[in-house]
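Each protein sequence line maps, in turn, to chains A, B and C.
If you use our numbering, the first sequence corresponds to residues 4 to 286, in order.
If you use our numbering, the second sequence corresponds to residues 512 to 858, in order.
If you use our numbering, the third sequence corresponds to residues 25 to 346, in order.
There's no promise every hint is true.
[To be verified] Cut-off 25 Å, straight-line C-alpha distance, at most; resulting in silico cross-link-like pairs (SDA-like, lysine to any residue):
1. A:Lys168 / C:Val224
2. A:Lys168 / C:Phe226
3. A:Lys168 / C:Val211
4. A:Lys168 / C:Ile309
5. C:Lys54 / B:Asp538
6. A:Lys168 / B:Ser644
Just so you know, the hints here were simulated from the structure itself, not pulled from any lab data.
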Amino acid sequence: MTDTASTGTGTAGPGSAGTVALAASGLTKSYAGRLGRRRRAGAAAVAGVDLELRRGAICALVGQSGSGKSTTARLLALLERRDSGTVLLDGAPAGTSPTNAYRRAVQMVFQDPFASLNPAHTIGYHLSRPLRVHRYARSRAQVLSQSVALLERVHLRPAQEFLGKFPHQLSGGERQRVAIALALAVRPRVLLADEPVSMLDVSIRAGLLNLLRELADTQRLAVLYITHDIASARYFADTIAVMYAGRIVERGPAREVTEHPAHEYTRLLLAAAPRGGRGRDRG
Amino acid sequence: MNVLEVRGLSVSYATPDGPAKAVSSVDLTLRAGEFLGLAGESGCGKSTLALAVSRLLPPAGTVTGGSVLFRSASDPAQVPPVDVLDLTGEPLRAFRWRQMSMVFQSAMNSLNPVMRVGSQVADAIRAHDRLMSRAERAARCAELLDMVGVGSGHLRSYPHQLSGGMRQRVMIAMALSLGPQVVLMDEPTTALDVVVQREILDEIRALQARLGFAVLFITHDLSLLLDLADRIAVMYAGSVVEEAPAADLIACAAHPYTIGLLSSFPAVDGPVRELTGIPGSPPGLRQLPDGCAFAPRCPRAAADCLVQRPLLVPGSAPHRSVACFHPARTPAAEPGSQALAPEKRRP
Amino acid sequence: MSILAAQPAAEAGQGVTAGRPARGRVRDPKVLAGGVILGVFVILAVAGPYLAPYNPSAATGANLAAPSAAHWLGTTQTGQDVFSELLAGARVTLLVGFAAGAIATVLAVIVGVTAGFVGGLGDELLSLLSNVFLVIPALPLVIVLAGYLHNAGALAVAAVISVTGWAFGARVLRAQTLSLREREFVVAARARGERLWRLVLFEILPNERAIIVSGFLLTSVFAVLTQASLAFLGVGSISSWSWGTMLYWAQNAEAFTIGAWWWYVPPGLCIGLFGMALGLLNFAIDEGLNPRLRAVPRGRKHGPRRPVVRRPVVQRKAGAAR
Numbered sequence: 004m005t006d007t008a009s010t011g012t013g014t015a016g017p018g019s020a021g022t023v024a025l026a027a028s029g030l031t032k033s034y035a036g037r038l039g040r041r042r043r044a045g046a047a048a049v050a051g052v053d054l055e056l057r058r059g060a061i062c063a064l065v066g067q068s069g070s071g072k073s074t075t076a077r078l079l080a081l082l083e084r085r086d087s088g089t090v091l092l093d094g095a096p097a098g099t100s101p102t103n104a105y106r107r108a109v110q111m112v113f114q115d116p117f118a119s120l121n122p123a124h125t126i127g128y129h130l131s132r133p134l135r136v137h138r139y140a141r142s143r144a145q146v147l148s149q150s151v152a153l154l155e156r157v158h159l160r161p162a163q164e165f166l167g168k169f170p171h172q173l174s175g176g177e178r179q180r181v182a183i184a185l186a187l188a189v190r191p192r193v194l195l196a197d198e199p200v201s202m203l204d205v206s207i208r209a210g211l212l213n214l215l216r217e218l219a220d221t222q223r224l225a226v227l228y229i230t231h232d233i234a235s236a237r238y239f240a241d242t243i244a245v246m247y248a249g250r251i252v253e254r255g256p257a258r259e260v261t262e263h264p265a266h267e268y269t270r271l272l273l274a275a276a277p278r279g280g281r282g283r284d285r286g
Numbered sequence: 512m513n514v515l516e517v518r519g520l521s522v523s524y525a526t527p528d529g530p531a532k533a534v535s536s537v538d539l540t541l542r543a544g545e546f547l548g549l550a551g552e553s554g555c556g557k558s559t560l561a562l563a564v565s566r567l568l569p570p571a572g573t574v575t576g577g578s579v580l581f582r583s584a585s586d587p588a589q590v591p592p593v594d595v596l597d598l599t600g601e602p603l604r605a606f607r608w609r610q611m612s613m614v615f616q617s618a619m620n621s622l623n624p625v626m627r628v629g630s631q632v633a634d635a636i637r638a639h640d641r642l643m644s645r646a647e648r649a650a651r652c653a654e655l656l657d658m659v660g661v662g663s664g665h666l667r668s669y670p671h672q673l674s675g676g677m678r679q680r681v682m683i684a685m686a687l688s689l690g691p692q693v694v695l696m697d698e699p700t701t702a703l704d705v706v707v708q709r710e711i712l713d714e715i716r717a718l719q720a721r722l723g724f725a726v727l728f729i730t731h732d733l734s735l736l737l738d739l740a741d742r743i744a745v746m747y748a749g750s751v752v753e754e755a756p757a758a759d760l761i762a763c764a765a766h767p768y769t770i771g772l773l774s775s776f777p778a779v780d781g782p783v784r785e786l787t788g789i790p791g792s793p794p795g796l797r798q799l800p801d802g803c804a805f806a807p808r809c810p811r812a813a814a815d816c817l818v819q820r821p822l823l824v825p826g827s828a829p830h831r832s833v834a835c836f837h838p839a840r841t842p843a844a845e846p847g848s849q850a851l852a853p854e855k856r857r858p
Numbered sequence: 025m026s027i028l029a030a031q032p033a034a035e036a037g038q039g040v041t042a043g044r045p046a047r048g049r050v051r052d053p054k055v056l057a058g059g060v061i062l063g064v065f066v067i068l069a070v071a072g073p074y075l076a077p078y079n080p081s082a083a084t085g086a087n088l089a090a091p092s093a094a095h096w097l098g099t100t101q102t103g104q105d106v107f108s109e110l111l112a113g114a115r116v117t118l119l120v121g122f123a124a125g126a127i128a129t130v131l132a133v134i135v136g137v138t139a140g141f142v143g144g145l146g147d148e149l150l151s152l153l154s155n156v157f158l159v160i161p162a163l164p165l166v167i168v169l170a171g172y173l174h175n176a177g178a179l180a181v182a183a184v185i186s187v188t189g190w191a192f193g194a195r196v197l198r199a200q201t202l203s204l205r206e207r208e209f210v211v212a213a214r215a216r217g218e219r220l221w222r223l224v225l226f227e228i229l230p231n232e233r234a235i236i237v238s239g240f241l242l243t244s245v246f247a248v249l250t251q252a253s254l255a256f257l258g259v260g261s262i263s264s265w266s267w268g269t270m271l272y273w274a275q276n277a278e279a280f281t282i283g284a285w286w287w288y289v290p291p292g293l294c295i296g297l298f299g300m301a302l303g304l305l306n307f308a309i310d311e312g313l314n315p316r317l318r319a320v321p322r323g324r325k326h327g328p329r330r331p332v333v334r335r336p337v338v339q340r341k342a343g344a345a346r
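Bound-form chain A, shown alone (with noise of 0.2 Å):
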């Protein structure tokens, strides 16, 4: 792998922008019910998916709380079993269960700011974690000069100071930041942010949209954006894939499917969306 290895900014993997690095067809998982010993059948979470990120480019997944798109991505990270179906990773097939190249391939960015990090410990430690599991620095020098590196990288400034903090001195929007920070010390191709924007306030989402956005033109990585605001998709993604149900009822350019959507969910879902006083009843 290729990298500049003492700031540790290089991204690692064949392939320029726009070849695609991540592609799953026929994913389905169901979670089967469980009374007593008897297995029922329970249904399907996710029913024959097919996906394609290319680096370079965010692909949203849009669809409501149980569509079944925080479960694709955890199918895409392998964090989960999938019962059918196949993952390609630059080309090759992946196992059921992650290998430490794929983790170092793929990896996620959860909802939650405040469950994400580790309240008994730094920042400063979480950083060092990735970096030294996957031995891209070996000294405390190494370590804390990419750490010092990855904050930049998400705009925390000054980095220094956010090294020793704990995660309940920082605000939402900042430990999301350390969230992506942690997921770009593993180096990955491909990032699988599941709604990371959900529970933070409106007016800092832009902000991480537009570092997310960021990420995916300078480093070339594949983002997967989970979603169940339309409108944020069609600022931030290149291609839409509607979700409802465990399948994908509908997908294309982002312009293309919020300006002449095809599906009714499509309509239902940007009906819902805010429009900005356009949509008031009254004058």
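Given chain A, work out where chains B and C should sit, using these hints.
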């Protein structure tokens, strides 16, 4: 008529490092049957304001000044308004839920998981109205659940059998059970996804039209209020910085913070342009700067903004007030978010 | 509605540079009291035998003498000085108490955290083990085991006591670990490739510190009481002095009926004070963990507000904290 008047309310918290001023001298007026939206980022004091008005502050919080005057819409004009902050004991209990009720964020998680939904609503009624018979209560619960769209068939359901949106509707039903004049809602839909959120908000407006109660709706998401509220107040660092009818705010916001908020979320049908949000972050409650609290982040800040704190004063148009020395007087130059587009009927 | 309380507290805390819960600054009088009492006992335990005016086993004075200048707490039936016995006994009592607490806590951590973390068959087996030990009546079991330890040392007694005291802590830790295991930061750490042993030691255990320490304190109290009970019943070693042994001899000599209060009240009182001290210290842990429980300055009451001079909002004093 004004059913709730908050005048000069200030609240501070006792913390190990000294008092922190969460709310500074806030004035708000809520008219009967009105939907007043209160918008602001996390930490601006809006939840504290809600707790202070509903007398639910935790022990560390104290009201350090101001009054909350309540005037019932059914009272004759001669009856003087009641200061909610002075109520104690039985009058407070009688006031709560019958005159003013609340729905809080994640209230759907406040339902007792081992009790049926119907009995929880009945409990709420029984706590504040001893005179209803059991049969009347049951009938009222069924009526309430039908009214909010959950359906009386769910009277005997447990909370885990209902979705998040349904549970929140149950909480709204509970809040409306005794026909209050004012309902305080603090981020009632934040934990729900956008479709359910829209449904519930439409439901609230429909109920409001039918029952005539006033709503104080607190949220960090200004975009919701733009579509729903009659009037909007914007809060920053513990005080109200702008207050205006919603249509006026959309057309011509005056305070730079409001303008910043308006341009930080994408409307689904506006032109696509760069969204920046507001750079920086709100000040900590103990590190409030001298002068205007927003000045460090304000693109229009001038020297006088750093020295003196602007007070909320009536603006150029009626029913508008703004706390700024250099408010914008014409529509902002940014295209899209503030341009007037033809009215669209919601499907 | 605990979320409600957290929200405004979070708002109030935002921007406030509160670091870790204050460790060095002890504000709460309860914690101070507990710490002082415990400190006194520890000093007694360490220096007691040297400070004792008399040899506790030697017959020094009049039998059953009431407290006087020569014998601060009087004498026993055989003329031994009660005060010296108390000082000497502190060492064994505290040693047994803390040793048993420590052993039981280590056992509880090993069994409980493992059970909670591995799940499946391992969890079932370990849970079965803890359930068995929970159900067996503690005192009879200890008596039986101690019966094999004639004149055994304090540590052996501590080991025996810890056999009965670890199971409750194990159950609590298992439940806590089960809940922590599913927390997002653990899942995220696993997704980043952390090894299992690191997950347990560095991700999960640090979040259970408060429960573990609290368990240790409470188990120590339990151990001291059990040891006193054992000694009182004449089981185990009665040749070394401990507070429990004093009670045994006092009861043996029917001190209760003849009213020799100076013999049985001091050791009983010391045991009680020791338990109280550890209980008070427990508050410190609770408050350290949960900022909402921190002592609120007096005078802040919920209800009618106190009149406050309204400060003009126009100008702030120069040099106000930024």
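Status of each hint after checking the structure:
{"no.": "1", "hint": "A:Lys168 / C:Val224", "in the structure": "holds (23 Å)"}
{"no.": "2", "hint": "A:Lys168 / C:Phe226", "in the structure": "holds (17 Å)"}
{"no.": "3", "hint": "A:Lys168 / C:Val211", "in the structure": "holds (22 Å)"}
{"no.": "4", "hint": "A:Lys168 / C:Ile309", "in the structure": "holds (21 Å)"}
{"no.": "5", "hint": "C:Lys54 / B:Asp538", "in the structure": "violated (42 Å)"}
{"no.": "6", "hint": "A:Lys168 / B:Ser644", "in the structure": "violated (57 Å)"}
In the structure shown, a violation is registered for the earlier hints numbered 5, 6, in ascending order.
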